[in-house]
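*Asks:* Here the sequence shown is numbered in UniProt numbering, starting from 1 and rising by one per residue.
Heads up, a few of these hints could be off.
Unchecked claim - Derived BS3-like pairs (lysine-lysine); straight-line CA-CA distance at most 27 angstroms: (1) Lys-370 - Lys-316; (2) Lys-224 - Lys-134; (3) Lys-316 - Lys-134; (4) Lys-360 - Lys-224; (5) Lys-368 - Lys-134; (6) Lys-105 - Lys-198.
No wet-lab data here; the hints were simulated from the structure.
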Amino acid sequence: MNSEILVNITPMETRVALVENGAAQELFIERTQARGIVGNIYLGKAVRVLPGMQAAFVDIGLDRAAFIHASDIDTDNETPKPINQLVYEGQALLVQVIKDPIGTKGARLTAQLSVPARYLVYMPETAHLGISQKIENEEERGRLRQLVQQLQEELEIVGGGFILRTAAEGIGEAELRADMAYLKRLWGALKEKMKKQKAPSNIYEDLPLYLRVARDMVRPDVEKIRIDSRENFQNTIDFVRKYNPEVEPVLEYYPGERPIFDLFGVEDELERALSRKVELKSGGYLIVEQTEAMATIDVNTGGFVGHRNLEETIFKTNLEAATAIVRQLRLRNLGGIIIIDFIDMEDPEHRRQVLRMFEKLLERDHAKTKVTGVSELGLVEMTRKRTRESLEQVMTETCSTCGGRGRIKTAQTTCYEIFREILREERAYNNGSYLVLAAQTVVDRLLDEESASVADLEIFIGKPIKFQVEPMYHPDQFDVVLM
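Whenever a hint applies, use it, and build me the whole structure from the sequences.
*Replies:* Shown next, in the form of C-alpha coordinates:
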(Lines of atoms letter the chains of each structure in order from A and count residues from 1; the text may use other names and numbers.)
(Lines give C-alpha, C1' and ligand atoms only; values in the text may rest on other atoms or scores of the structure.)
Protein backbone atom coordinates (compact mmCIF):
# COMPACT_ATOMS: atom_id res chain seq x y z
CA MET A 1 0.00 0.00 0.00
CA ASN A 2 1.50 3.33 -1.12
CA SER A 3 1.13 6.21 1.31
CA GLU A 4 1.91 9.91 1.21
CA ILE A 5 1.55 12.59 3.84
CA LEU A 6 0.54 16.08 2.70
CA VAL A 7 1.25 19.03 5.00
CA ASN A 8 -0.51 22.33 4.27
CA ILE A 9 0.69 25.22 6.48
CA THR A 10 -0.64 28.77 6.81
CA PRO A 11 -0.13 31.26 9.65
CA MET A 12 -3.62 30.39 10.92
CA GLU A 13 -3.56 26.60 10.83
CA THR A 14 -1.71 23.44 9.86
CA ARG A 15 -3.57 20.66 8.03
CA VAL A 16 -2.20 17.17 7.45
CA ALA A 17 -3.67 14.46 5.22
CA LEU A 18 -2.62 10.81 5.15
CA VAL A 19 -3.23 9.61 1.59
CA GLU A 20 -3.27 5.87 0.85
CA ASN A 21 -3.52 4.58 -2.73
CA GLY A 22 -4.52 8.05 -3.92
CA ALA A 23 -7.36 8.61 -1.43
CA ALA A 24 -7.29 10.64 1.80
CA GLN A 25 -7.73 8.37 4.82
CA GLU A 26 -6.99 10.59 7.81
CA LEU A 27 -7.09 14.34 8.38
CA PHE A 28 -5.50 16.35 11.17
CA ILE A 29 -6.09 20.04 11.80
CA GLU A 30 -4.24 22.22 14.30
CA ARG A 31 -5.24 25.85 14.56
CA THR A 32 -2.76 28.39 15.85
CA GLN A 33 -5.26 29.86 18.32
CA ALA A 34 -6.50 26.47 19.54
CA ARG A 35 -3.67 23.96 19.50
CA GLY A 36 -4.43 20.51 20.88
CA ILE A 37 -2.95 19.84 24.32
CA VAL A 38 -2.72 16.02 24.38
CA GLY A 39 0.73 15.14 25.71
CA ASN A 40 1.23 18.44 27.52
CA ILE A 41 2.42 18.21 31.13
CA TYR A 42 1.09 20.66 33.72
CA LEU A 43 1.64 21.44 37.34
CA GLY A 44 -2.04 21.61 38.30
CA LYS A 45 -4.03 22.29 41.45
CA ALA A 46 -6.89 20.08 42.65
CA VAL A 47 -9.94 22.33 42.97
CA ARG A 48 -12.64 19.77 43.74
CA VAL A 49 -12.55 16.17 44.95
CA LEU A 50 -15.56 13.98 44.12
CA PRO A 51 -15.64 10.78 46.28
CA GLY A 52 -18.86 9.59 44.61
CA MET A 53 -17.19 9.61 41.19
CA GLN A 54 -13.74 8.56 42.46
CA ALA A 55 -12.35 11.57 40.61
CA ALA A 56 -11.13 15.13 40.99
CA PHE A 57 -11.22 18.35 38.99
CA VAL A 58 -7.84 19.96 38.46
CA ASP A 59 -7.05 23.55 37.45
CA ILE A 60 -4.30 23.44 34.81
CA GLY A 61 -4.75 27.04 33.69
CA LEU A 62 -7.45 26.49 31.02
CA ASP A 63 -10.99 27.90 30.83
CA ARG A 64 -12.45 24.62 32.11
CA ALA A 65 -11.08 22.49 34.91
CA ALA A 66 -9.62 19.17 33.78
CA PHE A 67 -10.69 15.75 35.10
CA ILE A 68 -8.64 12.94 36.64
CA HIS A 69 -9.90 9.56 37.85
CA ALA A 70 -8.45 7.68 40.82
CA SER A 71 -7.28 4.89 38.48
CA ASP A 72 -5.13 7.43 36.62
CA ILE A 73 -3.39 8.42 39.86
CA ASP A 74 -3.01 5.09 41.67
CA THR A 75 -1.80 3.13 38.65
CA ASP A 76 0.03 0.44 40.64
CA ASN A 77 -3.12 -1.27 41.93
CA GLU A 78 -5.93 -2.98 40.03
CA THR A 79 -8.34 -1.50 42.58
CA PRO A 80 -7.17 2.06 43.21
CA LYS A 81 -7.36 3.70 46.62
CA PRO A 82 -10.32 6.03 47.32
CA ILE A 83 -9.81 9.40 45.64
CA ASN A 84 -9.82 11.30 48.97
CA GLN A 85 -6.79 9.23 50.06
CA LEU A 86 -4.94 10.24 46.90
CA VAL A 87 -5.84 13.92 46.46
CA TYR A 88 -6.99 16.81 48.62
CA GLU A 89 -8.34 20.19 47.52
CA GLY A 90 -5.56 22.70 46.94
CA GLN A 91 -2.94 19.98 46.36
CA ALA A 92 -0.43 20.53 43.55
CA LEU A 93 -0.40 17.66 41.04
CA LEU A 94 1.95 16.90 38.18
CA VAL A 95 -0.36 15.67 35.42
CA GLN A 96 -0.43 14.99 31.69
CA VAL A 97 -3.30 15.48 29.23
CA ILE A 98 -4.51 12.25 27.59
CA LYS A 99 -7.67 13.68 25.99
CA ASP A 100 -8.28 17.18 24.65
CA PRO A 101 -11.29 19.15 25.95
CA ILE A 102 -14.24 18.02 23.81
CA GLY A 103 -17.53 19.92 23.70
CA THR A 104 -18.48 20.88 27.25
CA LYS A 105 -16.06 18.39 28.82
CA GLY A 106 -12.70 19.46 30.18
CA ALA A 107 -9.42 17.72 29.40
CA ARG A 108 -8.80 14.19 30.76
CA LEU A 109 -5.61 13.76 32.81
CA THR A 110 -3.26 11.10 34.10
CA ALA A 111 -0.53 11.17 36.73
CA GLN A 112 1.39 8.52 34.77
CA LEU A 113 3.68 10.83 32.81
CA SER A 114 5.41 10.03 29.53
CA VAL A 115 7.52 11.90 27.00
CA PRO A 116 7.92 10.57 23.44
CA ALA A 117 10.78 10.35 20.96
CA ARG A 118 10.93 8.67 17.56
CA TYR A 119 11.30 5.08 18.76
CA LEU A 120 10.79 5.26 22.51
CA VAL A 121 8.40 6.69 25.06
CA TYR A 122 9.96 7.40 28.45
CA MET A 123 7.82 6.93 31.58
CA PRO A 124 9.73 8.52 34.48
CA GLU A 125 7.30 7.36 37.18
CA THR A 126 6.91 3.71 36.06
CA ALA A 127 9.54 0.95 36.09
CA HIS A 128 8.10 -0.90 33.10
CA LEU A 129 9.35 -1.99 29.68
CA GLY A 130 6.63 -2.33 27.08
CA ILE A 131 6.68 -3.13 23.37
CA SER A 132 4.11 -2.14 20.76
CA GLN A 133 1.72 -5.01 20.03
CA LYS A 134 2.19 -4.32 16.32
CA ILE A 135 5.72 -5.72 16.63
CA GLU A 136 4.62 -9.35 16.48
CA ASN A 137 7.89 -11.26 15.91
CA GLU A 138 8.93 -12.72 19.28
CA GLU A 139 12.63 -12.81 18.35
CA GLU A 140 12.54 -9.10 17.46
CA ARG A 141 10.69 -8.27 20.66
CA GLY A 142 13.35 -10.09 22.68
CA ARG A 143 16.18 -8.30 20.82
CA LEU A 144 14.65 -4.89 21.47
CA ARG A 145 13.94 -5.64 25.11
CA GLN A 146 17.53 -6.71 25.73
CA LEU A 147 18.91 -3.68 23.86
CA VAL A 148 16.85 -1.20 25.88
CA GLN A 149 17.87 -2.78 29.18
CA GLN A 150 21.53 -2.67 28.14
CA LEU A 151 21.38 0.97 27.06
CA GLN A 152 19.48 2.00 30.18
CA GLU A 153 22.42 0.74 32.27
CA GLU A 154 25.07 2.28 30.00
CA LEU A 155 23.40 5.72 30.01
CA GLU A 156 22.78 5.50 33.77
CA ILE A 157 19.06 6.09 33.51
CA VAL A 158 17.97 5.21 37.04
CA GLY A 159 14.26 4.64 37.56
CA GLY A 160 11.49 4.96 35.04
CA GLY A 161 10.63 2.73 32.13
CA PHE A 162 10.26 2.73 28.36
CA ILE A 163 7.76 1.75 25.70
CA LEU A 164 9.14 0.71 22.32
CA ARG A 165 7.01 2.21 19.55
CA THR A 166 6.06 0.42 16.34
CA ALA A 167 8.70 2.41 14.43
CA ALA A 168 11.42 0.70 16.52
CA GLU A 169 11.02 -2.60 14.66
CA GLY A 170 14.31 -3.48 12.96
CA ILE A 171 16.29 -0.43 14.09
CA GLY A 172 19.79 -0.68 15.53
CA GLU A 173 21.60 0.25 18.72
CA ALA A 174 22.73 3.70 17.52
CA GLU A 175 19.18 4.94 16.87
CA LEU A 176 17.92 3.66 20.24
CA ARG A 177 20.91 5.18 22.03
CA ALA A 178 20.26 8.59 20.45
CA ASP A 179 16.57 8.43 21.41
CA MET A 180 17.33 7.40 24.97
CA ALA A 181 20.00 10.10 25.44
CA TYR A 182 17.55 12.73 24.10
CA LEU A 183 14.80 11.61 26.50
CA LYS A 184 17.23 11.66 29.43
CA ARG A 185 18.23 15.28 28.63
CA LEU A 186 14.62 16.31 28.09
CA TRP A 187 13.39 14.85 31.39
CA GLY A 188 16.31 16.44 33.26
CA ALA A 189 15.38 19.85 31.85
CA LEU A 190 11.71 19.34 32.76
CA LYS A 191 12.59 18.43 36.36
CA GLU A 192 14.56 21.66 36.69
CA LYS A 193 11.64 23.62 35.27
CA MET A 194 9.21 22.03 37.75
CA LYS A 195 11.23 23.34 40.70
CA LYS A 196 10.68 26.95 39.57
CA GLN A 197 6.96 26.82 38.72
CA LYS A 198 3.81 27.38 40.75
CA ALA A 199 0.46 25.72 40.05
CA PRO A 200 -1.20 26.04 37.63
CA SER A 201 1.52 26.19 34.98
CA ASN A 202 2.60 24.47 31.77
CA ILE A 203 5.72 22.32 32.22
CA TYR A 204 5.99 20.61 28.83
CA GLU A 205 4.31 21.18 25.47
CA ASP A 206 4.37 18.64 22.68
CA LEU A 207 5.75 19.47 19.24
CA PRO A 208 3.62 21.35 16.67
CA LEU A 209 1.65 19.14 14.30
CA TYR A 210 4.01 19.36 11.32
CA LEU A 211 6.94 18.10 13.45
CA ARG A 212 4.85 15.39 15.12
CA VAL A 213 4.20 14.09 11.60
CA ALA A 214 7.93 13.53 11.08
CA ARG A 215 8.27 11.95 14.51
CA ASP A 216 5.15 9.79 14.74
CA MET A 217 3.56 9.13 11.35
CA VAL A 218 6.44 7.86 9.22
CA ARG A 219 6.13 4.13 8.53
CA PRO A 220 7.83 1.90 5.92
CA ASP A 221 4.96 2.38 3.44
CA VAL A 222 5.19 6.22 3.54
CA GLU A 223 6.90 7.24 0.30
CA LYS A 224 6.70 11.04 0.60
CA ILE A 225 5.99 13.79 3.08
CA ARG A 226 5.17 16.87 1.00
CA ILE A 227 5.28 20.21 2.83
CA ASP A 228 4.07 23.39 1.13
CA SER A 229 5.86 25.89 3.41
CA ARG A 230 9.56 26.48 2.68
CA GLU A 231 10.28 27.74 6.22
CA ASN A 232 8.58 24.81 7.94
CA PHE A 233 10.10 22.35 5.46
CA GLN A 234 13.53 23.59 6.54
CA ASN A 235 12.50 23.36 10.22
CA THR A 236 11.47 19.74 9.61
CA ILE A 237 14.77 18.98 7.87
CA ASP A 238 16.67 20.40 10.86
CA PHE A 239 14.52 18.39 13.27
CA VAL A 240 14.92 15.03 11.52
CA ARG A 241 18.66 15.48 10.99
CA LYS A 242 18.98 15.83 14.74
CA TYR A 243 16.54 13.13 15.91
CA ASN A 244 15.66 10.70 13.09
CA PRO A 245 17.82 11.24 9.98
CA GLU A 246 16.36 8.20 8.18
CA VAL A 247 13.20 10.27 7.56
CA GLU A 248 15.02 12.96 5.53
CA PRO A 249 14.90 11.13 2.15
CA VAL A 250 11.07 11.08 2.13
CA LEU A 251 10.74 14.83 2.86
CA GLU A 252 9.89 17.01 -0.13
CA TYR A 253 9.12 20.70 -0.47
CA TYR A 254 6.03 21.38 -2.59
CA PRO A 255 6.43 24.76 -4.38
CA GLY A 256 3.48 24.47 -6.76
CA GLU A 257 1.09 27.36 -7.39
CA ARG A 258 -1.94 25.11 -7.09
CA PRO A 259 -2.77 24.45 -3.39
CA ILE A 260 -1.49 21.03 -2.36
CA PHE A 261 -4.87 19.88 -0.95
CA ASP A 262 -6.56 20.86 -4.24
CA LEU A 263 -3.99 19.00 -6.33
CA PHE A 264 -4.53 15.73 -4.47
CA GLY A 265 -8.32 16.08 -4.09
CA VAL A 266 -8.16 16.44 -0.30
CA GLU A 267 -10.12 19.70 -0.20
CA ASP A 268 -13.12 17.96 -1.78
CA GLU A 269 -12.74 15.05 0.66
CA LEU A 270 -12.82 17.53 3.54
CA GLU A 271 -16.12 18.97 2.36
CA ARG A 272 -17.65 15.52 1.88
CA ALA A 273 -16.48 14.45 5.34
CA LEU A 274 -18.70 17.18 6.84
CA SER A 275 -21.82 15.90 5.05
CA ARG A 276 -24.39 13.55 6.58
CA LYS A 277 -24.70 11.59 3.35
CA VAL A 278 -21.86 9.55 1.85
CA GLU A 279 -22.48 8.24 -1.66
CA LEU A 280 -21.28 4.73 -2.55
CA LYS A 281 -20.12 3.88 -6.07
CA SER A 282 -22.82 1.22 -6.40
CA GLY A 283 -25.59 3.78 -5.91
CA GLY A 284 -26.11 3.03 -2.24
CA TYR A 285 -25.25 5.53 0.49
CA LEU A 286 -24.43 6.00 4.17
CA ILE A 287 -26.08 8.39 6.60
CA VAL A 288 -23.65 9.47 9.33
CA GLU A 289 -25.06 11.11 12.46
CA GLN A 290 -22.83 12.37 15.26
CA THR A 291 -24.15 13.23 18.73
CA GLU A 292 -22.43 13.88 22.03
CA ALA A 293 -23.37 10.39 23.26
CA MET A 294 -22.51 8.33 20.17
CA ALA A 295 -22.22 8.21 16.38
CA THR A 296 -24.60 6.20 14.20
CA ILE A 297 -24.10 5.05 10.61
CA ASP A 298 -27.01 3.76 8.52
CA VAL A 299 -26.44 1.82 5.28
CA ASN A 300 -28.97 2.12 2.43
CA THR A 301 -29.14 0.47 -1.02
CA GLY A 302 -30.31 3.65 -2.75
CA GLY A 303 -30.47 3.15 -6.52
CA PHE A 304 -28.42 -0.08 -6.56
CA VAL A 305 -30.63 -2.96 -7.73
CA GLY A 306 -28.00 -5.61 -8.54
CA HIS A 307 -28.08 -8.16 -11.33
CA ARG A 308 -29.48 -11.31 -9.70
CA ASN A 309 -31.63 -10.82 -6.64
CA LEU A 310 -32.24 -8.64 -3.62
CA GLU A 311 -29.99 -10.68 -1.30
CA GLU A 312 -27.04 -10.26 -3.68
CA THR A 313 -27.73 -6.52 -3.90
CA ILE A 314 -27.77 -6.18 -0.12
CA PHE A 315 -24.62 -8.27 0.31
CA LYS A 316 -22.62 -6.23 -2.24
CA THR A 317 -23.86 -2.94 -0.80
CA ASN A 318 -22.85 -3.99 2.73
CA LEU A 319 -19.37 -5.07 1.55
CA GLU A 320 -18.83 -1.71 -0.14
CA ALA A 321 -20.27 0.08 2.88
CA ALA A 322 -17.84 -1.70 5.24
CA THR A 323 -14.89 -0.21 3.33
CA ALA A 324 -16.49 3.24 3.21
CA ILE A 325 -17.39 3.19 6.92
CA VAL A 326 -13.84 2.42 8.07
CA ARG A 327 -12.58 5.27 5.89
CA GLN A 328 -15.19 7.66 7.27
CA LEU A 329 -14.31 6.73 10.87
CA ARG A 330 -10.71 7.71 10.17
CA LEU A 331 -11.47 10.79 8.03
CA ARG A 332 -14.00 12.24 10.48
CA ASN A 333 -12.10 10.95 13.54
CA LEU A 334 -15.31 9.60 15.05
CA GLY A 335 -14.79 8.25 18.55
CA GLY A 336 -16.58 6.75 21.52
CA ILE A 337 -19.58 4.46 20.95
CA ILE A 338 -20.43 3.85 17.28
CA ILE A 339 -23.54 1.96 16.10
CA ILE A 340 -23.66 0.70 12.51
CA ASP A 341 -26.90 -0.44 10.89
CA PHE A 342 -25.94 -2.59 7.92
CA ILE A 343 -28.82 -3.67 5.67
CA ASP A 344 -30.40 -6.88 7.02
CA MET A 345 -29.03 -10.04 5.39
CA GLU A 346 -30.85 -13.38 5.42
CA ASP A 347 -27.77 -15.51 4.64
CA PRO A 348 -25.66 -16.16 7.80
CA GLU A 349 -22.54 -16.60 5.62
CA HIS A 350 -23.08 -13.14 4.13
CA ARG A 351 -23.36 -11.66 7.61
CA ARG A 352 -20.16 -13.41 8.69
CA GLN A 353 -18.24 -12.22 5.62
CA VAL A 354 -19.32 -8.59 6.03
CA LEU A 355 -18.38 -8.54 9.73
CA ARG A 356 -15.04 -10.27 9.06
CA MET A 357 -14.18 -7.81 6.30
CA PHE A 358 -15.15 -4.88 8.52
CA GLU A 359 -12.92 -6.12 11.36
CA LYS A 360 -10.04 -6.74 8.93
CA LEU A 361 -10.28 -3.20 7.55
CA LEU A 362 -10.27 -1.76 11.07
CA GLU A 363 -6.80 -3.23 11.59
CA ARG A 364 -5.43 -0.37 9.46
CA ASP A 365 -6.86 2.19 11.86
CA HIS A 366 -4.22 3.72 14.11
CA ALA A 367 -6.82 4.50 16.77
CA LYS A 368 -7.72 1.64 19.09
CA THR A 369 -11.00 0.01 18.05
CA LYS A 370 -13.11 -2.79 19.47
CA VAL A 371 -16.09 -4.44 17.77
CA THR A 372 -18.32 -5.92 20.47
CA GLY A 373 -20.38 -7.94 18.00
CA VAL A 374 -23.86 -7.83 16.51
CA SER A 375 -26.80 -6.97 18.78
CA GLU A 376 -30.18 -8.77 18.81
CA LEU A 377 -31.47 -6.02 16.52
CA GLY A 378 -28.74 -6.72 13.97
CA LEU A 379 -26.70 -3.62 14.80
CA VAL A 380 -22.90 -3.71 14.83
CA GLU A 381 -21.67 -2.10 18.04
CA MET A 382 -18.11 -0.85 18.39
CA THR A 383 -15.93 1.65 20.19
CA ARG A 384 -13.08 3.78 18.84
CA LYS A 385 -10.64 5.54 21.12
CA ARG A 386 -11.23 9.29 21.17
CA THR A 387 -8.27 11.51 22.10
CA ARG A 388 -9.06 14.65 20.09
CA GLU A 389 -12.07 16.42 18.66
CA SER A 390 -13.71 15.02 15.56
CA LEU A 391 -13.48 16.85 12.23
CA GLU A 392 -17.05 18.07 12.72
CA GLN A 393 -16.28 19.47 16.16
CA VAL A 394 -13.16 21.26 14.88
CA MET A 395 -14.70 22.75 11.73
CA THR A 396 -18.37 23.36 12.51
CA GLU A 397 -20.60 24.81 15.20
CA THR A 398 -24.22 24.34 16.23
CA CYS A 399 -26.64 25.87 13.70
CA SER A 400 -28.15 29.05 15.14
CA THR A 401 -31.34 28.44 13.15
CA CYS A 402 -32.17 24.85 14.10
CA GLY A 403 -30.25 24.76 17.41
CA GLY A 404 -28.43 21.60 16.42
CA ARG A 405 -31.56 19.59 15.63
CA GLY A 406 -30.72 19.40 11.95
CA ARG A 407 -34.35 20.32 11.06
CA ILE A 408 -36.47 23.46 11.27
CA LYS A 409 -40.22 24.02 11.47
CA THR A 410 -42.15 24.23 8.23
CA ALA A 411 -43.69 27.53 7.10
CA GLN A 412 -47.13 25.97 7.74
CA THR A 413 -46.24 25.18 11.36
CA THR A 414 -44.97 28.74 11.89
CA CYS A 415 -48.18 30.19 10.38
CA TYR A 416 -50.32 28.26 12.87
CA GLU A 417 -48.10 29.43 15.74
CA ILE A 418 -48.64 33.02 14.55
CA PHE A 419 -52.43 32.52 14.59
CA ARG A 420 -52.28 31.18 18.15
CA GLU A 421 -50.08 34.08 19.25
CA ILE A 422 -52.52 36.66 17.81
CA LEU A 423 -55.40 35.01 19.69
CA ARG A 424 -53.29 35.01 22.87
CA GLU A 425 -52.49 38.72 22.46
CA GLU A 426 -56.14 39.53 21.72
CA ARG A 427 -57.33 37.89 24.94
CA ALA A 428 -54.67 39.72 26.96
CA TYR A 429 -54.86 43.23 25.50
CA ASN A 430 -57.91 43.55 23.19
CA ASN A 431 -56.80 46.76 21.46
CA GLY A 432 -55.23 48.02 18.21
CA SER A 433 -54.36 46.11 15.04
CA TYR A 434 -51.62 43.56 14.47
CA LEU A 435 -48.38 43.56 12.47
CA VAL A 436 -46.68 40.20 11.90
CA LEU A 437 -42.91 40.20 11.23
CA ALA A 438 -41.72 36.94 9.67
CA ALA A 439 -39.45 35.33 7.05
CA GLN A 440 -40.29 35.60 3.34
CA THR A 441 -41.49 31.97 3.05
CA VAL A 442 -43.86 32.40 6.00
CA VAL A 443 -45.33 35.71 4.75
CA ASP A 444 -45.79 34.20 1.27
CA ARG A 445 -47.76 31.32 2.76
CA LEU A 446 -49.89 33.64 4.93
CA LEU A 447 -50.84 35.67 1.83
CA ASP A 448 -51.44 32.61 -0.35
CA GLU A 449 -52.34 29.16 1.04
CA GLU A 450 -53.39 30.55 4.43
CA SER A 451 -55.15 33.70 3.14
CA ALA A 452 -58.61 32.29 3.85
CA SER A 453 -57.58 31.44 7.43
CA VAL A 454 -56.17 34.97 7.86
CA ALA A 455 -59.46 36.47 6.64
CA ASP A 456 -61.45 34.26 9.06
CA LEU A 457 -59.17 35.32 11.95
CA GLU A 458 -59.58 39.04 11.09
CA ILE A 459 -63.39 38.64 11.17
CA PHE A 460 -63.18 36.70 14.46
CA ILE A 461 -61.09 39.34 16.29
CA GLY A 462 -62.61 42.29 14.39
CA LYS A 463 -59.22 43.80 13.54
CA PRO A 464 -56.90 43.93 10.51
CA ILE A 465 -53.66 41.92 10.39
CA LYS A 466 -50.72 43.22 8.33
CA PHE A 467 -47.54 41.39 7.34
CA GLN A 468 -43.94 42.50 6.91
CA VAL A 469 -41.00 40.46 5.62
CA GLU A 470 -37.91 40.46 7.83
CA PRO A 471 -34.99 39.20 5.69
CA MET A 472 -32.87 38.31 8.73
CA TYR A 473 -35.54 36.07 10.31
CA HIS A 474 -35.23 32.33 9.85
CA PRO A 475 -38.37 30.31 8.94
CA ASP A 476 -39.48 29.49 12.51
CA GLN A 477 -38.87 33.00 13.90
CA PHE A 478 -41.58 35.65 14.06
CA ASP A 479 -42.90 38.59 16.11
CA VAL A 480 -46.47 39.82 16.56
CA VAL A 481 -46.56 43.57 17.19
CA LEU A 482 -49.58 45.52 18.55
CA MET A 483 -50.20 48.67 16.45
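*Asks:* Hint by hint, say whether it matches the structure.
*Replies:* To see whether the hints hold, each was checked on the structure:
1. Lys-370 - Lys-316: Cα-Cα ~24 angstroms, so holds.
2. Lys-224 - Lys-134: 22 angstroms, holds
3. Lys-316 - Lys-134: The given pair, whose Cα atoms are some 31 angstroms apart, is violated under the 27 angstroms limit.
4. Lys-360 - Lys-224: Satisfied, since the Cα-Cα distance of roughly 26 angstroms is no more than 27 angstroms.
5. Lys-368 - Lys-134: Given pair Lys-368, Lys-134 holds - Cα atoms ~12 angstroms apart, limit 27 angstroms.
6. Lys-105 - Lys-198: 25 angstroms, holds
Checked against the numbered hints listed earlier, the structure breaks hint 3 alone; every other hint is satisfied.
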